[in-house]
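Engineer: Single-letter residue listing:
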Amino acid sequence: MKILAFAEQNEGKLKKPAFEVVCTARNLADKLKGEAVALLIGNNVQQLGNELAKYGAHKVVVVQNPKLEKYSPTAYPKIVAEVAKSIGASVVLVSATSHGKDCAPRVAVKLNAGFGSDCISFSIEDGTIVATRPVYAGKVLTNIKINSDVKVFTIRPNVFPANIYDSNSSNVEIFEIPLTDSDFSARVTEVMQIAGKLDVSEADIVVTGGRGMKGPENFKMLEELAETLGGAVGASRAVVDAGWRPHSEQVGQTGKTISPSLYIAVGVSGAIQHLAGMSSSKYIVAINKDKDAPIFQVADYGIVGDALEIIPALTKEVKKLLGK
Amino acid sequence: MKFAVCVSHVPDTAAKINISADGKTIDKSGIAYVMNPYDEFAVEECLRLKEKFGGEVVAISLGDDTYKETLRKALAMGVDRAVLLKDDPANWDSYSVARALADYLKEISPDVIFFGKQSVDYDSSGVGLMVAEMLGLPSVSVVTKLEIKDGTVLVEREIEGGKEKVETKLPAVFTAQKGLNEPRYPTLKGIMAAKSKPIEEKTLQKYPAKVEILKMHRPQAKSGGKIVGTDASAVVELVNLLHNEAKVI
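Protein chains in written order, with this note's numbering: chain D, 1 to 324; chain X, 1 to 249.
FYI, nobody ran anything at the bench for these hints, they're computed from the structure. Every value quoted in this text rests on a predicted model; they were computed, and no experiment measured them. A hint or two may mislead.
As the list claims (entries may be wrong) - Computed cross-link-like contacts, DSS-like style, restricted to lysine-lysine with a CA-CA straight-line distance of at most 30 Å:
#	chain 1	residue 1	chain 2	residue 2
1	D	LYS320	X	LYS145
2	D	LYS54	D	LYS13
3	D	LYS316	D	LYS291
4	X	LYS16	D	LYS220
5	D	LYS319	X	LYS247
Claimed, not checked - Now the stretches of chain X that chain D is said to cover, found in silico as 3 or more residues with beta-carbon under 8 Å:
#	stretch
6	90 to 98
7	172 to 180
8	227 to 239
For every residue, glycine included, the Cβ atom is placed at its ideal position computed from N, Cα and C.
One chain only, chain X, in its complex shape (with noise of 0.2 Å):
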């Protein structure tokens, strides 16, 4: 079988984000960029699934140069490809992105195409989903189980105050939610061995952008909040100020 993983290269979630001169853009100096975290899940899940039918896993990335750390990190937890799909980051929109990756997956048709849910950068949560309907396929997002049998996929998938489980059939396109799986991490070895393994570079057409961002803001900072007491007796007060004051209880 064949496995696709989409993986992007994201700000460390521990980064503060700021603003650039531009007001459109974030400043990228001193930012810390990491493998986004639920494409790490989907990462591990192609790797057991290979590990239990066999075959290829391949991970792609749209991007520029800096992308190739984290197509790195992939080749170091196991993939047997990387491919990088040369593109600027500028001006894109989950749309642009999805019609990019969705031209290269066709080329190669996997019979498993994994996302992670959504990229902790844009936070859309679209791209994988896009990509499904341009290529025709189904799909099923934010997985926590996925097993395959006799080309069924039985999965599930988090949903308000529970899950589901959704039936399909491959070729299929997944999103990983965390608790899919424990992804592992880079041995020594992998990392040694990811070092010699070549990137595969491709310049696709680009597609424009359909949303555009006019400008980035800070959301509204909160200030002035009251210490209402140091103990258990404070409660009293707290009380009273929720219910007369801010109204909510």
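Next up, chain D with everything else stripped away, as it sits in the complex (with noise of 0.2 Å):
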């Protein structure tokens, strides 16, 4: 049984999300008794290899062509199925990070899967993977089965261990995977990132603001707590709506569902849609003057006090600790 593993590069980079989902697969594959396969795409890539055989690949394909040095929404679902059906993958695992997203279900209808999509954990039950996955924002989880033979699932970013095996032996493969213009009939051309912004789908720490920060120029003591922290920014709902920050910061249903390691809500009331979309973080602080807000009711650590105060002190206390 093979368990290919889309392991996402960026500039000739790989992110964290890439070495969970080759983990994942090898714990899957190690409990149904299988083969992890890790799968490169983009240009000049196959260095990369002997990293993903690090955290668990059994053996590295490595598609390269100087037209994937960007991602293509056509032309990248083709080669992860082309992959998968020459190898004859029975699993195909994908990470849920905005490539993995646009390119997992065009490649379950590729290879007539079934797909299950932001996975949280799985367990094997009589010998067949069984996935959790939220629904409604993580109000409730749900416990699917697939039942097709080849099984698409992709994975939450955050949330499964990147550990490293202990693999001497890297088994990178080249594979020709023959393209036409056609498969590029849409194509990236531009990419518009600012340099070393982290994501808050994407961070381990979130520090988000809420409308108890009282203006939009306040959140620069948020973004310093986030800065000295290693984390990035995040926002409630009411203050995209009001305009101060933008929609890509959103966390909640209608933005984004995230699992950091700790989240910190200041100023933010909770509503049901916000909870839903940060509860299943590890560790959360609220600081709000509202002693009554549900925002306290899924926090592990709380003050309650007014954000402006409370801020710069803790930016303090923690550039302290972190001697910076």
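Join the two chains into one complex using the hints; note that each chain is given alone, in its own frame.
Structural biologist: Structural data, given as structure tokens:
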């Protein structure tokens, strides 16, 4: 039984979700007595193969071509599906990142496979994979089973471990997949990323501000705290709708559903839509002057008080701890 | 040009979701259903494109009679036609929904097919992209900006920490992200007009789902949170707890 993990790279670099997806494939392969195969797609990316082997891939397949330098919503799914067919994969794992979520549904159709998205855990019951995935933005969880021969799952970033296996032997193989212009009928022409800006969906620590921040100018404080912690700034729907912060930072049901190690909610009351998007975080800190705010019900630690006084003090204290 | 927008009817995001006695479905009683929030951006974009290029906007929904409420909203916003593909919304998965929609879309062959980037019930964000694949069309998901020039479409989509530009050609499938536009509110005139517009009903072949829901359950609730203090002096203890107890910093 072969499990294919599509390990995304961006501009020649592997990010954490790539290691998580490979490691998850390996864990499943171990339980099902199968083989974990990692897939790398890009231009000149074969040197990344050894790194993936460290995270548990028994074998790494590389498909490289100058045309694959940037993501293509049509060509990438074709390659994943072709490789899955050619190695006879019965499970395909993809990270639930912006490219992974775009790619995986098309892969599922190409493989006539059932599709389970944004999974947060797997177990094996009677030799079959049972996946847990949140629905209604995490208000409810479902356990699902896919009944087709081939199964495609996406896994939520930051949830599965990325452990290093003792693997000295890396088995990297280059596959040639013929591609024509029509395979690139949709293609990325330009990437506009703010250098060094961490997205709330990728960050291990998220500092989110709500209306209690009193104005967009006060988010500077949260940016400084997030930067000190190496995290990202998030926003409640109220402040996004008020135009204080961009929608890309919104956490909650019509924003991003995330599970960082530490979530600090500052001046966020905790509407049901917001709680759905963040309550699976490992540790939650709430800072709010209303002691009855619902956010305290999901918090591990809380401070009842004025965010604008507490945040600068907190940043100072964290800097002291980290020697910054 | 012909524009098709697929809309879904979902629990309002403010709804508390309870699990039914069967343990596999949600208890629908007392829940207000609305047009999927992301679909509002999709409808709006189609209306704007029609205003610019002319043509027709068709709203399509797969579901039972209750879905007509969402189709009426689409009509009230200004779509020209509404079609209900009648189906019982049980034992669905993104694959079976996409198959049924793809069958109908193939019949009417639109130039532009729009979906919301995900429905806020099952959160799969798969149907739109699956339809594209089934129809052999290019797709761009999570769209925040879209411009059509001589059959070429220039799109911006959201990615982690930024955006990317994507180029494609029509016909194509797009899924709308919040921020693409500001959806219009139906006017009173629109609402009145929508009441008298017919909703076409069709019954299509039903496809079996490939995904089976074994069980629904609640995420583990947190309890016993600790209030560390009530002013800025509490940060010393908070940092101590985060460092030594939670070990997250």
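Engineer: Count residues of the stretch 227 to 239 of chain X with a Cβ under 8 Å from any Cβ of chain D, then say if the count reaches three.
Structural biologist: Since 12 is at least three, the answer is holds.
Engineer: Are the Cα positions of LYS320 of chain D and LYS145 of chain X separated by 30 Å at most?
Structural biologist: violated (43 Å)
Engineer: Confirm or reject the coverage of the stretch 172 to 180 of chain X by chain D under the rule of 3 or more residues with a beta carbon closer than 8 Å to the chain's beta carbons.
Structural biologist: Result for this restraint: holds, n = 4.
Engineer: Would the hint linking LYS319 of chain D and LYS247 of chain X be met if the CA-CA limit is 30 Å?
Structural biologist: holds (16 Å)
Engineer: Starting from LYS54 of chain D, check that the Cα of LYS13 of chain D is at most 30 Å away, please.
Structural biologist: holds (15 Å)
Engineer: Need the status of pair LYS16 of chain X, LYS220 of chain D: alpha-carbon distance at most 30 Å?
Structural biologist: Violated: LYS16 of chain X and LYS220 of chain D sit about 34 Å apart, past 30 Å.
Engineer: Examine the stretch 90 to 98 of chain X for residues whose CB is less than 8 Å from any CB of chain D, and state whether their number is three or more.
Structural biologist: Result for this restraint: holds, n = 4.
Engineer: Are LYS316 of chain D and LYS291 of chain D close enough, with their CA atoms no more than 30 Å apart?
Structural biologist: holds (24 Å)
Hint compliance for this structure: hints 1 and 4 are not met, and every other hint is.
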